[in-house]
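Protein sequences, first through last, are from chains E, U and A.
1 is the number of the first residue of the first sequence in this note's numbering; add one for each residue after it.
1 is the number of the first residue of the second sequence in this note's numbering; add one for each residue after it.
1 is the number of the first residue of the third sequence in this note's numbering; add one for each residue after it.
No lab work stands behind these hints, which were simulated from the structure alone.
Everything hinted at is true.
Cross-link-like lysine to any residue pairs, in silico, SDA-like; alpha carbons within 25 angstroms at most:
1. K150/E to A71/A
2. K22/A to S106/U
3. K4/A to A98/E
4. K121/E to S134/E
5. K8/A to D80/E
6. K95/A to P87/U
Note that the structure is predicted; figures quoted are calculated from it, not measured.
Each chain, letter by letter, is given below.
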Amino acid sequence: MNIVTKTTMISGIIALSLGFAANAGEDAKLVINGQELATHVKGGPDSPLDELFSGWVFRTEETQALQLDDFENPGMVFVDHARDTWETAEGTAGKSCADCHGDVESMAGLRAVLPRWNADKGALYTMEDYINDSVVNHMGAEKWKYTGAKMQAMVGLISLQSRGHTVAVETGGPAAAAYELGKEIYYTRVGQLDMACSNCHEDNYGVYIRADHLSQGQINGFPAYRLKNAKLNAVHARFKGCMKNIRATPYKPAGDEFRALELYVASRGNGLPIEGPSVRN
Amino acid sequence: MDLSRRHALALGGAAVTISLIPINLAQAAAHSGKTAEAIKMFAGDADVAEGGVELTAPEIAENGNTVPIAVSADGAASILIVADGNPLPDVITLNFGELAGSSSASTRIRLAGSQNVVAIAKMADGSFKSASAAVKVTIGGCGG
Amino acid sequence: MASKPRVKVPKSAAVGDVITIKTLINHKMESGQRKDKKTGEKIPQQIIDSFVATFNGTEVVNFTPAGAISANPFFEFTMKVPAAGDLHFVWKDQKGDVFETTKSIAIG
Numbered sequence: 001m002n003i004v005t006k007t008t009m010i011s012g013i014i015a016l017s018l019g020f021a022a023n024a025g026e027d028a029k030l031v032i033n034g035q036e037l038a039t040h041v042k043g044g045p046d047s048p049l050d051e052l053f054s055g056w057v058f059r060t061e062e063t064q065a066l067q068l069d070d071f072e073n074p075g076m077v078f079v080d081h082a083r084d085t086w087e088t089a090e091g092t093a094g095k096s097c098a099d100c101h102g103d104v105e106s107m108a109g110l111r112a113v114l115p116r117w118n119a120d121k122g123a124l125y126t127m128e129d130y131i132n133d134s135v136v137n138h139m140g141a142e143k144w145k146y147t148g149a150k151m152q153a154m155v156g157l158i159s160l161q162s163r164g165h166t167v168a169v170e171t172g173g174p175a176a177a178a179y180e181l182g183k184e185i186y187y188t189r190v191g192q193l194d195m196a197c198s199n200c201h202e203d204n205y206g207v208y209i210r211a212d213h214l215s216q217g218q219i220n221g222f223p224a225y226r227l228k229n230a231k232l233n234a235v236h237a238r239f240k241g242c243m244k245n246i247r248a249t250p251y252k253p254a255g256d257e258f259r260a261l262e263l264y265v266a267s268r269g270n271g272l273p274i275e276g277p278s279v280r281n
Numbered sequence: 001m002d003l004s005r006r007h008a009l010a011l012g013g014a015a016v017t018i019s020l021i022p023i024n025l026a027q028a029a030a031h032s033g034k035t036a037e038a039i040k041m042f043a044g045d046a047d048v049a050e051g052g053v054e055l056t057a058p059e060i061a062e063n064g065n066t067v068p069i070a071v072s073a074d075g076a077a078s079i080l081i082v083a084d085g086n087p088l089p090d091v092i093t094l095n096f097g098e099l100a101g102s103s104s105a106s107t108r109i110r111l112a113g114s115q116n117v118v119a120i121a122k123m124a125d126g127s128f129k130s131a132s133a134a135v136k137v138t139i140g141g142c143g144g
Numbered sequence: 001m002a003s004k005p006r007v008k009v010p011k012s013a014a015v016g017d018v019i020t021i022k023t024l025i026n027h028k029m030e031s032g033q034r035k036d037k038k039t040g041e042k043i044p045q046q047i048i049d050s051f052v053a054t055f056n057g058t059e060v061v062n063f064t065p066a067g068a069i070s071a072n073p074f075f076e077f078t079m080k081v082p083a084a085g086d087l088h089f090v091w092k093d094q095k096g097d098v099f100e101t102t103k104s105i106a107i108g
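So that you can see chain E by itself, here it is in the shape it has in the complex:
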């Protein structure tokens, strides 16, 4: 049951370079509230991909339109919730995020460099890890569910502060081991369908699998408001969903495998801009 082959890749890439931008017209641009975000950039010297495309370009016109306006973007309603959360004291310390961090704008640039090695903790930290570190250790509150609505709304709000910033995750130094693990996971076939992430997202992006238009699997748009479940989705939740789709036993969200994979996948997007909460199918 071999869905994808190398020869398909060639035709996929040709069709890709000639045609897939036609989804929304040759000149379709991602301009949100007047800010233009690049959706197509050249891969860096270490990039396995020559050209990087945001997931936005693979969606239909109607879906793309939903992201063009922060009012129409349904994900932003959850970002509003997070703005309230930011100001609300929680936990034994009686502090809110604002009490220590001031305005959320102070988070600008952070999303673009995560996940990263946290030297103090001696571990790879994702945005969710940083948030829970503050929630538990500085606020004295119960930790938030990693892929839950409250957490993802906050990840969305903080990601929004980095909208337009270029993804630049560090893959060397102490993060190197996680990077290598993530890379290995990315290229390893698993599951009943015996597929690796690369089979779809590297070998066949731009091509259709049934009616789904395969993207490069970039995460610069996460958390993503998915039309499918009408909420903001975490990176790890999406990884889990993908693994279930190929009938593999998924790794656990917030576990080491997905953290490593997140670092690797983020690095594949080095050069693309953060989009703030995106809208995807």
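Here the structure of chain E is known, so what remains is to put chains U and A in place on it, guided by the hints.
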């Protein structure tokens, strides 16, 4: 093949405005007695004429859970939207008050599968007009 | 848990202008079609089934959504501006919850 399909999508994927597609209410009834019932609750036994209503919906919906639609009918007092393939056909009833700038609205709807979205407009003089849009709802290969 | 609904209304307009209004509210819009995975029973419908916008007390639009309106319902419509005043929006759901917000429009 991918190229031509993509072009088809580019041409047809844009919002489609259909105002003169005849509604075969008998057909609607054949699909689901519920659709005919819903229309009857709104329009009674009145003749429902074609035209005079613009209904915009994507030809191919990327995800059936959130399908953007828009409807407009000059001079309509209210518009009923039904989806003839949903378990329950009623989608929304739009009533336009004194201060409405136009008898038009946009929203996002759920479609359980490929089907027709039908708009029935009740005009100020008590007559009824209609439009229909066929929407294909795709089943994703992997993420959907 | 839902915070204020979002509405987009111009801050000012001229008398007679037709303005576009957009609204978005966080609500699950439980359609009544989904089944509980454990019991197999249908989860009861719990949707916003009324949305009314009035301006200085006069109706602009009055919508009756059904279960097929997507979660986080979005509505866009127009209004003819008669004077300065307040646009009042009310959403009601089947549980009896009421969500409201008001925006002012100036003439100028």
